[in-house]
Amino acid sequence: MNTATLPSTGGAPAPAAGTATGLLIIGASQSGVQLAISLRALGYTGHITLLGDEDHRPYQRPALSKEFLQDKVGSESLIFRSNDYWIEHNVTLVKGERIEDIASNPDGSGVATGRSGARYPYTRLALTVGARPRVFEVPGSELDGVVYLRNADDALKLKELAPAATDVVVIGGGFIGLEAASSLQAMGKKVTVIEYGPRLVGRAVGEDTSAYFLEQHRARGLDIHLNARVSRIAGDGAVRAVHLESGEIIPAQIVLVGIGVIPNTQLGEQLGLEVDNGIVVDEAAIASDGHTLVVGDVANMPNPVPGAPDGERIRLESVNNAVEHAKVAAYALMGQREAYAGIPWFWSNQADMKLQIAGLSMGFDSTVKREVPQKGKFTVLYYRGGQVIAADCVNAPLDFMAVKQALAAGKNIDPSAAADPGTMLKTLIA
Amino acid sequence: MATINFTDFEGQTRTVDAAAGDSVMETAVRNGVAGIVGECGGSLSCATCHVFVAPEDFESLDPMGEMEDEMLYGTAVDREENSRLSCQIKMCEGQTLNVATPETQV
Chain A
1 MNTATLPSTG GAPAPAAGTA TGLLIIGASQ SGVQLAISLR ALGYTGHITL LGDEDHRPYQ
61 RPALSKEFLQ DKVGSESLIF RSNDYWIEHN VTLVKGERIE DIASNPDGSG VATGRSGARY
121 PYTRLALTVG ARPRVFEVPG SELDGVVYLR NADDALKLKE LAPAATDVVV IGGGFIGLEA
181 ASSLQAMGKK VTVIEYGPRL VGRAVGEDTS AYFLEQHRAR GLDIHLNARV SRIAGDGAVR
241 AVHLESGEII PAQIVLVGIG VIPNTQLGEQ LGLEVDNGIV VDEAAIASDG HTLVVGDVAN
301 MPNPVPGAPD GERIRLESVN NAVEHAKVAA YALMGQREAY AGIPWFWSNQ ADMKLQIAGL
361 SMGFDSTVKR EVPQKGKFTV LYYRGGQVIA ADCVNAPLDF MAVKQALAAG KNIDPSAAAD
421 PGTMLKTLIA
Chain B
1 MATINFTDFE GQTRTVDAAA GDSVMETAVR NGVAGIVGEC GGSLSCATCH VFVAPEDFES
61 LDPMGEMEDE MLYGTAVDRE ENSRLSCQIK MCEGQTLNVA TPETQV
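Chains as they are written, first to last, in UniProt numbering: chain A, 1 to 430; chain B, 1 to 106.
Same shape as in the complex, but just chain A:
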């Protein structure tokens, strides 16, 4: 009889082979980590296995495109919890393991099988598998030096390539692209950003904010091409240049692609879960089988904002959502229903610009802009039917906090008064 324990690469001892873990969390991500932490805080006593496919202890991603890339923080600073914490909280860590097959039972239990051949029996399953970068396919996109930035290994590769490079082309003018472009510029590189659409960060912010970032980044020396298409990437093994359809040729020793992500729905599909732009979940973060918890970037969930139209669904890619959604799932596993807490928020730091977004602007019909140029402060408030629903705030944390507070309290901020940057938004909450 095989009495060996299952693979474990940290934390508490694994259950004996053949013994089920209470909860198998696939994806050692922000949401996976938070789910384990929240369950322990709620008094969950079952064994937890937190399994990830990367060869790193569970770590925080946001700094990868910023402080970590620029060597302002080391890898230890990114680690979520000490090993002692996981031991004390009876959570087994498994790293470097990819689940390739899951056989599930009608009661929500099952057995997951990893690439290593190890089998992980579980009583309940959670998928916190996140998303993967959308692949850019043009002739030459397979060349050495064409890189992505999603995980720690991507960031390490970029850091390895950076010293020998003088020119970098960033494909995609979204958050990741602009954060990395700003970091690489601070590292002394000549950086060109190629954006397919008519404006920067088109998916996440309104036109005023896009225009502000365009102007500010250009003033700081970023070469930004909008409405630009890459025809091919040229090189001889290693990348040498990016060719645009316009005929322009831009030298590059590194091409960084940041054109969005695709939710990792493969395991959900294999389990027969409903999938539609992510794995579909209910208000309690439970998938269509009634058992599997699905949390974070991969989950297509009911819009959690109070007052959102009935039936509206959303998939959010953010730290804040990973954390709050995991809390909802933890309550659900404990048999409790708890509403999603707070207002979704996002941040992006680019050069000396600190963008904070409160709320979701989709469906807005008017905006109000406030600006204090000499302090680098810039805010756009979004309104729907006269009610404030969101704000983009650059270097304006007081505005951000005020809008977040107003939204959380179900209150409004008078649009005409908000246009005066000399008036504190906090005083207008009513």
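There's no promise every hint is true.
Quick look at which bits of chain A chain B covers, simulated, 3 or more residues with Cβ under 8 Å [claimed, not checked]: (1) 62 to 72; (2) 78 to 92; (3) 318 to 325; (4) 346 to 358.
FRET-style restraints, in silico, Cβ to Cβ [what the hints assert, rightly or not]: (5) A:Ala417 / B:Met64: 23 to 33 Å; (6) A:Leu156 / B:Gly65: 26 to 36 Å; (7) B:Thr3 / A:Gly18: 43 to 53 Å; (8) B:Met64 / A:Pro13: 48 to 58 Å; (9) A:Gly363 / B:Asp17: 47 to 57 Å; (10) B:Arg14 / A:Gly10: 39 to 49 Å.
Cross-link-like lysine to aspartate or glutamate pairs, in silico, EDC-like; alpha carbons within 20 Å at most [claimed, not checked]: (11) A:Lys426 / B:Glu10; (12) A:Lys375 / A:Asp208; (13) A:Lys377 / B:Asp69.
Hints are computed from structural coordinates only; laboratory data are not their basis. Here the structure is a predicted model, which is why all the values come from computation and not from measurement. By construction, the Cβ of each residue, glycine as well, lies at the ideal position given by its N, Cα and C atoms.
Given chain A, work out where chain B should sit, using these hints.
Below, chain B without anything else, positioned relative to chain A:
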């Protein structure tokens, strides 16, 4: 090595060793100190690592920047004169720091 004493809202104190150069927030989070959230990982974006620094230690810290000052107006528990965001406090070798955590961070 440095030492941080975290006293929670109910008066319970937990002592945690910190590496020199690490922030108070990351030390707390890594060790699971209740009362510090640090959702944004230390990038001065979330104001969920609010602490009250013991008055005798407060003056010894580097002064806060404008952004931290503004963020402190958005903490879940109102700021006081000795409030700081603990992601902005870096520990020095041999330092002992006493901080109190608020009742809630969110």
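Item checked: Assessment of proposed distance window 39 to 49 Å (beta carbons of Arg14 (chain B), Gly10 (chain A)) -> This hint is violated: roughly 23 Å between Cβ atoms.
Notebook entry, point to check: According to a criterion of three or more residues whose C-beta lies within less than 8 Å of a C-beta of chain B, is the stretch 346 to 358 of chain A covered?
Noted result: holds (count 4)
Next item on the list: Mind checking the hinted window 47 to 57 Å against the Cβ distance between Gly363 (chain A) and Asp17 (chain B)?
Entry: holds, 50 Å
Note to self: With the threshold set at 20 Å, check whether the alpha-carbon distance from Lys426 (chain A) to Glu10 (chain B) stays at or below it.
What the structure shows: violated, 30 Å
Check: Are the Cα atoms of Lys377 (chain A) and Asp69 (chain B) separated by 20 Å or less?
Finding: Holds, because 15 Å separates the two Cα atoms, which is no more than 20 Å.
Item checked: Cβ contact check, 8 Å cutoff: the stretch 62 to 72 of chain A against chain B, three residues minimum -> holds (count 4)
Checklist line | Restraint check for Lys375 (chain A) with Asp208 (chain A), where alpha carbons must lie at most 20 Å apart | finding: Holds - the C-alpha atoms of Asp208 (chain A) and Lys375 (chain A) are around 18 Å apart, at most 20 Å.
Notebook entry, point to check: Do three or more residues from the stretch 78 to 92 of chain A put their C-beta atoms closer than 8 Å to C-beta atoms of chain B?
Noted result: Since three or more residues must qualify, the claim that chain B covers the stretch 78 to 92 of chain A holds, with 9 doing so at under 8 Å.
Notebook entry, point to check: Would you say the C-beta atoms of Leu156 (chain A) and Gly65 (chain B) sit inside 26 to 36 Å of each other?
Noted result: Holds - the Cβ-Cβ distance for Leu156 (chain A) and Gly65 (chain B), about 30 Å, lies within 26 to 36 Å.
Note to self: Looking only at beta-carbon atoms, does the pair Thr3 (chain B), Gly18 (chain A) fall within the given range of 43 to 53 Å?
What the structure shows: Holds, since Thr3 (chain B) and Gly18 (chain A) (Cβ atoms, about 45 Å apart) stay within the stated range.
Check: Quick one: are Ala417 (chain A) and Met64 (chain B) within 23 to 33 Å, going by C-beta?
Finding: holds, 30 Å
Check: Given as covered by chain B, does the stretch 318 to 325 of chain A meet the bar of three residues or more with CB within less than 8 Å?
Finding: Coverage by chain B holds for the stretch 318 to 325 of chain A (3 residues, Cβ < 8 Å).
Violation of the numbered hints given earlier is confined to hints 8, 10, 11; the remaining hints are satisfied by the structure.
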